[in-house]
Each structure stands twice: as C-alpha cells, then as structure tokens.
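Trainee: Make the full structure from the sequences, and use the hints.
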Amino acid sequence: MIKDMLKLFITNRKALLGVIILSIFIFIAVFAPLIAPYHPKQSSDQEGKFQLRAAPSSKHLLGTSHAGYDIFSRLIYGTRLSLMVGIVTGVITTFIALTLGLLGGYYGGVIDDIISFINNIFLVIPSLPLIIVIASYITIRGVWPIIFVLSFTGWAWGTRVIRSQVLTVREREFVKVAEVLGEKPLVIVFREILPNIISLVMATFFTSTIAAVIGEATLEFIGLGNISAVTWGTMLYWAQNNAALLYNAWWWFLPPGLFIGLLGTSFALMNFAIDEISNPKIRKR
Amino acid sequence: MSDKLLEVQNLIAGYQTKMGRVLAVNDVSFELKKGELIGIAGESGCGKSTLAYSIMNLLEDNGAIFSGEINFSGDNLVDFSAKEIKQFRWQKMSMVFQSAMNALNPVMKISEQLIDALKAHQKGISEKEARKRAEEMLELVDIQKDRLDAYPHQLSGGMKQRVMIAMAMILNPDLVIMDEPTTALDVVVQRNIIEKIEDLRSEFNFSIIFITHDLSLLVEISDKLAIMYAGKILEIGPAAKIYSNPLHPYTKGLMNSFPPLTGEIEEMSGIEGKPPDLLNPPAGCPFYPRCEKRMEICKTEMPEFKELENEHQVKCYLYQGSDNLE
Amino acid sequence: MNKEILKLDRVSMHFPVKKFGRKEEYVHAMDDISFSLYQGEILAIVGESGSGKTTTANVVAKLHRPTSGEIYFNGQEIYGQEVRKNNLEYRKNVQMIFQDPFGALNPTHTIRGILERPFVIHGLAERSELEAKIKEVLVQVGLEPPEQFIDKFPHELSGGQLQRINIARAISVEPVLLLADEPTSMLDVSIRIIIMNMIKKFRDRDNISYLYITHNLAGARYIADRIGVMYAGMLMELGPADEIIQNAYHPYTQLLRSAAPQPEKDFKENKLTTQGEIPSLVNPPSGCRFHPRCPKAMPECSKELPDMYQINEKHRVRCLLYRP
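Going down the list, the protein sequences come from chains A, B and C. The first sequence stops at residue 285 when you use the working numbering, and every number in between is there. The second sequence stops at residue 326 when you use the working numbering, and every number in between is there. The third sequence stops at residue 324 when you use the working numbering, and every number in between is there.
Rather than coming from a laboratory, the hints here were simulated on the basis of the structure. Certain hints may be false.
Partial selection, computed: residues in chain B whose CB lies under 7 Å from chain C [claimed, not checked]: (1) S156; (2) V188; (3) S216; (4) L217; (5) V219; (6) E220; (7) Y243; (8) S257; (9) G270; (10) I271.
Just so it is clear, the structure is predicted and the values come from calculations on it, not from any experiment. Built from N, CA and C at the ideal position, the CB exists for glycine as well.
Mentor: Encoded structure:
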C-alpha cells in the first residue's frame, strides 16, 4: 500500500520533477563543503584579500559580498540551514496539526470545542504580522527561535483541514464496525482513521514546509533572524542592506531568491501526486 | 416492417484503457418496435449502462463505439456528425438516468431545468410558452403546480425521478431509455412511478428501453426481455415466454435468485462465482465457468442465436441443432 | 420454549436537529418499539426508508443510546451496571453486518489485517494461531483457497466476496446475536441468495439469532421465521413470516405486499390504490402515522395512536381496525 503510494511520486511527471529538484537540494546541502569553492566566511586566500562587492568572475562565480565573501559558496552553504529550517518546521507543524486534528475530530464534544476555539483564533489573526511581532520580542537571535515562531503560528490551517477530514472518515462504516467489534478509541484513531488521511497529512506537510521556507526568508530579510547565519534569507538581507537592487547587482539577490522559489516549487510539484493518491480515478490511465 | 423503430446490429462498444480495450458491449443485436417496451436485465458489469449510453451517443472520455450499427427509423446513428446527434438527441430519443441526484442541477429550480431543455431544442420558443409546457409536463407526472419553482433538494426521491421523466418526455420523443430509473427508490414509490410510466406510454405511444437488474419487475412490464451477461445478450424474447420457459442456464439461474412471495418456500441456489474480466473476454461463452450444463465446445466458441419459436432466441449450445424446447 | 435473547421495551430514539435560534426539533427515528428475539430465531424487520429499521439495529449495537425505553440482552439491561462493567463481553456476543460491503472495510488494510482484529481484541487466539484461525473462518464463508484472499486489499475483491469477509469477521467472535442491516441490497442478484443461505447455515449450525433488516419483503419471507413491519419509526405489525405476507392485517403491510413485483401476475391487475409519500419524521402525523395514506382510515385514526393489539398468540397489529 505504502509502496504503491510512493510509486505515484515517480510515475506522475510533475511530482517526479519535484522529487528531482528536492534531491538536488539535499545533495547540495549534504555535500556543501565539496561543492563550494570557499568557506562562506572566507574573505581571503593565498592570493590575498578578496575584492569587495565584486561582479561575477571566473574566481568568484557569483561575485563577492560587501565583506568579500564568495556569494556562490554562501549560496551552497545556505542551502543547509534554509532546507533544515523549512523541513523541521514542516514536520513540527504537521505533527501539531495531526495530533489536534485527530483528537478534535474523533472525540468531539468538549475537547473538540476547545481545540476548535483556539484553532479559529489562530486562523483569524494574520500570520505575517503575528510572526513579526513575536519574533521581534524574542531576544535570542538564531535559527531555532525562527523555527519556534513559524511553528507556533503555522499549525492552524493544517489542523482545520485535518480535523474536517477526520470528521468525514469517522462517519465511514468501517469505523462504526471497529466500535461494534470492541476496538478501543485510541486504537481506532491510529489504526482506522490515520491511514485514511495520510495523503492529506502529506499535503499539509508540503504546504507547511513551503510556508516555512518563505517565512524563514522573510524573517531573515527584515533582520529578525540571526544575521550572521548563512541562509538564503540572510543573503537577501545583506543584499538589500547594501543596495544591491539599486546597483543592479543581480548576482547577489537573484540566486537566493531563485533557490527559495525552486525549493518551494519542488514541494508544490510533489503535491500533485497527492491528488492522485487520494483519488485513484484521476491516476493516468 | 415499417413499425420497427430501432435496430441495433452487432454493436461493439466499450472503453480504451492503459491496459487495453474493455468490451463492455460485445456484439449486441436487437430490434425494437414503435410503442414497445424492451427490458434489458443484467447484473452489475454486464454492460447494460454502456449499451444505453452508446445508443444515446453519450460515451465520454475513453468510451467509444468500436463497430456495429444503431439504426433509428432507417438512419444509422453511428454515422451521425456531432451536430446531427445534438439535434436528434432529446427530440427523438431521450434518457432517464439512475440517480436523479446526479442528473439534476442542484442549484437550478426544476422549472428552469425543464425550460432550458425546451429552449435548447426549440429556438424560437418564448419564455411564457416554455413555462406553460413545463407546467404541463410536471402535471403529467403528478407534480403540483406549486412545486414548479422548487429546487431538487426540496423534493423527495420519487418526485425527483418524476421530474426526470418529465424532462425526458418534454419534446415528445419516440424512444426513452431508462437506466435503472427506480432502483434507488422504495418499493411503493417504485410501483407508483412504474404505473405512471405505463400510463404515459399508453397515452403517447413511445418506445422504452428499460434497464434494470430487477428481473421480477421486468417480467411484469416488458413486452420483450433481453438477458445480458458480460457484454452479450444471451437470451431474448417475449417476456411471458422467458418467464414461463427460461432456456439459457444463466436465465434459469437468475430466475432462481428471486424468492417468490407466494407458494412453497424452497431452498434456492443463486449462481456461484462472478462475471469474467471484460478486458480479456473469453473466446467462448462468457458464462462457461459458472454454468452447470457446460460442454467442451462452450469454452472455445461462442454460439450464435438460435430462434426457437415466436421470436424467442437463445445463444446456447444446449439448443443448437434442436428445434424443440426443453 | 426458546430462551429470550433480546428484548426491546418501549424503545424510542429521537435525534436532535440542529437549527439556529429556532426551538429544538427532533427526528423521531424510533417510537415505542417493543419486541423480543429468541435463541436461534431469525426476525426480519421490514420497512422502507425512514421507517427506523436501521436505527433499531444501530441502537441494539450500542451505536446510539436510546432516548427512552430499555433494551435487555440475556435478561440484562444493556446500559445497566452489569453490562457496563464488561462492555467487551457485549461486543463479543452482539455483532453486526452492514449494508455496504466496501464501506465496511478499511481500504488501507489487507484481509489479514482486517480479520485479525476480532481475535486480537477479544483474546480469542494467540499470535501464532492467528493465521490458522483466519484461514478457517475464510473457508467457512466459502472463500477457498483462503491463501488466495488473505493478502488482498478490499478493492481487489468483488462485492459478494467482501460481504463474505464481513460475515467472516462477525462470526469469528462466535456471537450469540447477529444484526444484519440490509446485507444483500448492494450485491448482485445472483449472489444475494447465496449470502442469505449462508446466514441460514450459521443459524442452523450454531444457533445464532439474527435481527435481519431489509426492505425486500420476498427476501424476508425466504429467510425469516418472524417478520416485523415498521413505518415512520413505529412497529406496525409483527408475526410469523408467511402469515404476515399471505394474510396481512395492517393496511400498510397490505400496501407493501401489493407493491412488490409479482411476475406471476399480470401487471394491469396489480394497480396500487395508495399514493402519497413517507411522512416527515420531524413532524410525524398525529395519531396513527399511516392515516394520511390509509385507504381504510377512520376519523379516530388521526386522533388516537393505536396500541399493539393481539390477533393471535404470535401475531399483533397496531391498527384501530382490530381494537378488541
């Protein structure tokens, strides 16, 4: 069953493209030291100090930053944190959404009332301002506070969607059968309901991850992250701060922006396979 | 015979899939006279719905008619262009679908849906005339005028089905195909609707192709009865004859699946097994694996129709070469 | 005298209808239902949609708690202390087969995964014995060789095969009472009789009692010892199966009888004299619920709700025509 589902990611052409792109990013992240020509905070080598704000050349494929760092190397190394923050946040958010959605949807009653109430509050508050407000209050600057903030504000949508789906699955007859057979409620939740919402959980994960990647970049960009960390977002921060746009130093802001977009796209593409998992009828004949 | 309305000849139709062609209708032939009701009996997967959709030219996506003829008053519908079919459909031939839930637009009033059907085929008709005709049709199926502007969800299952009948009859077609029109309804409502259909048929003299798995119902209302299995018609003839003297082992098995309301309560047997895969239809008779009376030849060759008497035909080697009924 | 396995005593089930602001309304799915079921008996409850027959089965299966009235299983009240203390025991004794063979099976589990559960939940087999037990029960429902089915997923099997799996699941715990909610209505015609024969076989062999819900009068006659007729949430007539069909007392039963297809008769002879539809269960008609459609209605029928009157020892009718 799982094997069949995973196969769909390969047979669906859009999803396959997404998987390939993601694999490339993971490869870059893992093998960064081997791919990047320089250390991201290296500002000189045997030949002397690097030129500051240089345009692309054979020595520096994407030029150098205001501090002389090789931009290409920073881009490669930046993949690590950007990917990590995106995926970790995606996992945490999905986990919260799954737990709350399952509990609220299956048990109903007071539990559901409380969960829904909190859920609705978080849904109504605009997330970006909330992220910014919370992040600006956190005094520690770093990557983990960002993960925390994004998870804290990002679980609401997934919870709502998963809860709805659980409510539907709960009414299906095989759940009633389990009750009549004498299955315990928790067993029913994990054995009967969960496998039938897997595709939705995956979709939630993909969506949350995209949101996290962009959210992280946003926070870094406005300086609420750790500006000394090497991520795509901080690259944009420094690019902006040094008027890269004004001077048309496209090699500084375009690559990180492009990578953010590409990573987001890879998850969006993989999402296409999800439709086919949950609806066997539209699988390509 | 000039009162022959429909003649289907060697029709082969089905669906093109990744794994090959599914022959849901595999060499079907039958005739229908004006004003006649032919019942097509069969279980799920026998191809009866595909047959209905083929005749109406409603096969979509990967569905298609692969070969054969559908002669309606002399014209072969298979050769019609899309434009010709569009004019033809609903005017000469219409359909009542199984589930009104799926066939009626939930966000349109029923009067609007009837008026739409009218306007699509009678270009010049005015709103007022169309509405009057819609009223007439609904009255014909015993739906009161005050329900004219109701939405489908406000009507009961039986009423929705009657709206479907009104819609099918609005242009006074010569043939109405009904695909399991009463299957989803309660038995009392079903009988009311069947009686209404019969009244309408007497009054307007249109032909009906009535498709259902409920053989006992078909025996009651049909003039002619065709038993369909795995894309083929195995037996066809006057309904009363088939009921009193079923020839094909499958027909006998089917008859032996409907417990009677009167008489002895005897143990019945049904039919073990399931229908063959239509993706790879067997070379011989499709009923072979489940047939109690099967013979070697049945496995490899499909028998032809043998007419036994009075238009009662059967495709079975038990009767090939014998001119007497069992 | 056979043991009384199940008894319903004036059971009513009202479901609240959620409406904003307006006064609370209820769907009267069951009202004042009383009957008994004896060991080894098949009691068919016949009715059209909205009659309350499915709710009756659901209530006995403890999927809903009745709004009023009591249900006794083996003499014990099912919501009483005794049974509450050991709910698992009730689940072992009372099992249910549902109408939709596909819907009743989790599409993400194999047949093995599905058939293991009853044994595991009720501790009826050791881990090592599971495979053998599953194969045994598959053979009992006619799915041979069992190896062919055990690792399949539901979508790979036909409706008839799936319903056999559902039955296998239900009988694997060796229940005393089986609730069957329209078990054959979604199956092909030629398979229905086979499933009904199987149900009878288990009754004959293991003395299981059945509450058999159906809308098909002929099917009820074939399989049941007694038939109860429900209309709009109330029990209208109850008695021996063949007697109810050949000699129906209640006008509604007579209507059902004449509406059923009878191929042996000429269609024209068989015209119905009753029109109308099943009433709303939110605002059921006053007095006898059938009175608006009843060809034999009298003025009192709209004012008084009749009791169940005994026609003979085994046969009762809820109709003022038979008031002693």
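Trainee: Each hint needs a verdict: does it hold in this structure or not?
Mentor: Here's how the hints hold up against the structure:
1. Among the interface hints, the one on B/S156 holds; its C-beta lies about 5 Å from the nearest C-beta in chain C, closer than the 7 Å criterion.
2. With a cut of 7 Å, the hint placing B/V188 at the interface with chain C holds, because the nearest CB-to-CB distance is about 5 Å.
3. Below 7 Å, beta-carbon pairs count as interface contacts, and B/S216 has one with chain C at about 4 Å; its hint therefore holds.
4. The interface hint given for B/L217 holds, since its Cβ lies 4 Å from the closest Cβ of chain C, which is under the 7 Å cut-off.
5. Below 7 Å, beta-carbon pairs count as interface contacts, and B/V219 has one with chain C at about 4 Å; its hint therefore holds.
6. Restraint check, B/E220 versus chain C: the minimum CB separation of about 5 Å is within 7 Å; hint holds.
7. The restraint placing B/Y243 at the interface with chain C holds, with a minimum CB-CB distance near 6 Å, inside the 7 Å limit.
8. At its closest, the beta carbon of B/S257 sits 5 Å from a beta carbon of chain C; the interface hint therefore holds under the 7 Å criterion.
9. Interface restraint check: B/G270 against chain C, minimum CB-CB distance 3 Å, threshold 7 Å, status holds.
10. The closest approach between the C-beta of B/I271 and any C-beta of chain C is roughly 4 Å, which is under the 7 Å cut-off, so the hint is satisfied.
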